[in-house]
Amino acid sequence: MISDLFSTTVLIGILASGIRLATPYLYASIGEVFGQKSGVLNLGIEGQMLLGAFAAFYVALTTGNLWLGVLVAMIVGAVMGLAMAFVTVNLRAQQGISGIGFYLFGMGVSDLLFQKLLGTVETVKGFPKIFIPGLSDIPGVGEIFFSQNLLVYIAYLLVPIAWFVLNKTTLGLKIRSVGENPDAADSLGVSVARIRYFTIILGGILSAVAGASLSIALLNVFQQNMTSGLGFIAVALVYFGAWKPAGVLGGALLFSMINSLQLWIQVLGIPIPSDIAVMMPYVLTILVLVAAVSRVRAPSALTKPFERED
Amino acid sequence: MAMKKLLQSEWVSRLVDVLLPVFAALAALFVGAVMLLFLKVNPIEAYKALWDGAFGSSNAFAETLVKATPLLLVALGICISFRADVINIGGEGQMIVGAIFATWVGLTFTGLPGWLVITLAMLAGFAGGGIWGGIPGLLKAYFNVNEILSTVMMNAIAVQLMNFLLRGPLIDPAQAELASKIPQTARLLEAFQLPRLIPTRLHLGALIAVILAVLVYILLWRTTLGYRIRAVGQNPHASRYAGIKVQRHVVLALLLSGAFAGLAGATQVFGVNYRMITDGSASGFTGSAGFNGIVAALFGQLHPILSIPASILFGALLVGANKMQRVVQVPSALIIALNGLVVVFVVSSEVWRRRRQKRRLAAAGQDDESSPHAGGEKSQQAETDA
Chain A
1 MISDLFSTTV LIGILASGIR LATPYLYASI GEVFGQKSGV LNLGIEGQML
51 LGAFAAFYVA LTTGNLWLGV LVAMIVGAVM GLAMAFVTVN LRAQQGISGI
101 GFYLFGMGVS DLLFQKLLGT VETVKGFPKI FIPGLSDIPG VGEIFFSQNL
151 LVYIAYLLVP IAWFVLNKTT LGLKIRSVGE NPDAADSLGV SVARIRYFTI
201 ILGGILSAVA GASLSIALLN VFQQNMTSGL GFIAVALVYF GAWKPAGVLG
251 GALLFSMINS LQLWIQVLGI PIPSDIAVMM PYVLTILVLV AAVSRVRAPS
301 ALTKPFERED
Chain B
1001 MAMKKLLQSE WVSRLVDVLL PVFAALAALF VGAVMLLFLK VNPIEAYKAL
1051 WDGAFGSSNA FAETLVKATP LLLVALGICI SFRADVINIG GEGQMIVGAI
1101 FATWVGLTFT GLPGWLVITL AMLAGFAGGG IWGGIPGLLK AYFNVNEILS
1151 TVMMNAIAVQ LMNFLLRGPL IDPAQAELAS KIPQTARLLE AFQLPRLIPT
1201 RLHLGALIAV ILAVLVYILL WRTTLGYRIR AVGQNPHASR YAGIKVQRHV
1251 VLALLLSGAF AGLAGATQVF GVNYRMITDG SASGFTGSAG FNGIVAALFG
1301 QLHPILSIPA SILFGALLVG ANKMQRVVQV PSALIIALNG LVVVFVVSSE
1351 VWRRRRQKRR LAAAGQDDES SPHAGGEKSQ QAETDA
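Taken in sequence, the protein lines are chains A and B. If you're matching positions, the first sequence starts at 1 in our numbering and goes up one per residue. If you're matching positions, the second sequence starts at 1001 in our numbering and goes up one per residue.
For reference, chain B alone in the conformation it holds in the complex:
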């Protein structure tokens, strides 16, 4: 009968767990409303413009999904690395390098059929991001270099690499002739562009991202590799005793995480812009998806499937922010600030989750280990063990 009681409380606390990020988002929107009042803007009007911009028409919704696509891909990578307790802040740089690799493929193999080039380019993007994530992985695993710092540095290096390549070796031949020399590559052939799903800008990348979300879920919870990655994140010492090669899995987690971000960069080029262009900054190319993907993943509780609605939500915020800027003249930077608050609120609310988890574990008579930020993990474990 104790079992039944546990199940009941388990359900309730699981529900609260799922709702916590929603509260976090509402709290962030509330703070945003206060900030809007300070700027002498009617928050209701502003948020209405935000909503209209994101969901007001089928075109708006398609734009939301277009924006959500790179967020989801980055978020999938974040799910993997954060589950391994590896903090990947390098999404921006990984997106850029993935895009560079993919663009190079698209501009080089012009004689091959479209489907083949698209496939190769996506794989190249995956590989490029993987390399850019794998380097900090190696540095962390074998040289004990804090991955947060190294991934941030890799972001800065990637930006300069992009600027260098687009001003020199990869510059559009047409621009090279002109005095303006806009730092951009040539446009991809039409045959190489990701097909559109409906007559909007929504492209195949969105579908790929959703399929990959399912695959990442399977990877993390239905394969030995995924189990090991999560075990390393939960308790590296115990994992080592259990014979898991911790360092190798740390590298792998960061590599995979970077690879998904790289794919996000590749889909941006092949699905949205059809060329790479730089304004000198990282966000000029990525739209800060490398950071916002982290927000989406945390919001989705580091769960690949929950990351889908989370990405759509943040895609909506980004698209809606543009409309808000036009209608009530509030710079879209507000949304960056709110995203930051969501992150702070979500990680802060972990304290309640942990407390309940502890109670659950105590009830189940298991000994407690301080759990990583990942959260929700132990209950998953308990469920599969049962």
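This is chain A alone, in the form it adopts within the complex:
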């Protein structure tokens, strides 16, 4: 039965779903990269994802309009980001703990609304697969890379865009300087507060889209606490990826491939207890953190609130 894993169809299946499963990580982790690059640790991702997932799902279910769902999720994410920005930038609250607060808030509210407005698990017709003409016909490769839905493609497009913005634009330079040396940035006339507001709200929007990608593009259902730790893994991937979009992509792919493998192991009925299989990605994350963290340096001002010296 183990040998089943190595048939071509199964391998293609594992890779294709691996590519797909990386989507929510990519959105959330890229958003987190922007936040952390500017010196803000957002631990509320999970809560923002859950709210985004619910908002998108509910709107898509009631209006039948998937894009409206994504839009509403983005607005919800932006509002959450705005609240978090106010708390961490203006009130200079401890970022780690306030993030946990936002997580609990998002989890509670999404669960509350789910029970109040839906009551039962329903399904929605999510984003359809888009077969890229020509490319999707290539055997194997076509199925793996070019037969996904639109939110998947956009997630991968975000990687080079994020790299470009962070490294090749003035905005990116400002973000990085605010995260490395806010005092210097401030003295050069960069508004630390404005930059951080921007990155935190962007992170909120992207986290909400990450949630939406789960509820209306990948799984097409909403359930209580459906993210089950995904948002925290997204934060871990930022450390793993050394605060680089390409690194995050690598981490997200590694992680989702392991996850995909784990799912296929269960599908094929390979006799590894499913609980142990589900455990693997988390064990892997810890090992990856051990390997990755000591090697690179975090942005100097990460988690440090900025206060102008008078």
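No false leads were slipped in.
Below 30 Å or equal to it, Euclidean Cα-Cα: the simulated DSSO-like pairs (lysine-lysine) are:
hint : chain 1 : residue 1 : chain 2 : residue 2
1    : A       : 244       : A       : 129
2    : B       : 1358      : B       : 1245
3    : A       : 116       : B       : 1040
4    : A       : 116       : B       : 1048
5    : A       : 304       : A       : 174
6    : A       : 304       : B       : 1358
7    : B       : 1245      : A       : 304
8    : A       : 304       : A       : 168
9    : A       : 168       : A       : 244
10   : A       : 304       : A       : 244
It is worth saying that the hints were derived from the structure and are not from the lab. Since the model is a prediction, treat every value here as computed from it, not as a measurement.
Fit chain B to the given chain A structure using the hints.
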């Protein structure tokens, strides 16, 4: 005379410090009321049901205390770790592993006398949680792994470990025979169950938790170890220069923090459920006490004694939420959301505390160090130094 003036302002600002969390809770309840209005529910009716559910009868109050017990135990651990500036989010997993260890003891040593098995099981729970907290501690101290992330991962691992054990090696032999195979352990012998204090579900665990609160207070403020743990949290660099082994204390803080959560898990099994059962999720076993204990500890200003009323308050919210769900059909998830808001409001209100602290320190002519979130700490220090 300047001293007298300082004392007066000290008193006033201390009072405000103590009241800040109360304001935070009121603000959260206010936001909750707005949310209830959106759900077309009368907030007054809802909160009345909440109050009745928590304090309406002696039975209700006993339930509140039963719910408060694991919160307090987790909160005590949080007091230790957060004072060391180590953020332990792993209470859920630590509770689970503590419960697994304790349950194993309870199911294995069936020939021993009850008091001995209970003692051993509680110690096993303490040890199990300690191991589960100690691992992220080691990873933080020696591999620089962010403890927030590693403790969250350890939560997920613990859940799967529990599911695996309850479906396989630890499954109730009776269930193993049946087709349903409900993932649960056998029931503990009656002699091994924590004695009840009054004829309700209130059990000895509550008393143990209160005694431990006093012990943790003594540990943190009356022993060298506690002083060092707090020093590491306040200023790791200065502590290192002072010859304190910072890494070792980081590990110890997380280990102890996990141990108290593990004990919380053990008391849940031995005092409430008398067996372990899983619905596949962490909260199915813990009731999210691993998270809510953090809320209680923050609310109690990371002070073990203040954590007692804080835990009772949040225990009351949880018990009352069930009644609220029945009476006005508002899902108890509302309370999770409100707990989140309390956390946000409490840490946000720190800004005022810090500002006053700065003023106090400036008045006392000490040089200022940016203080950790722990807060209230400097004034404690100033008091004992004086």
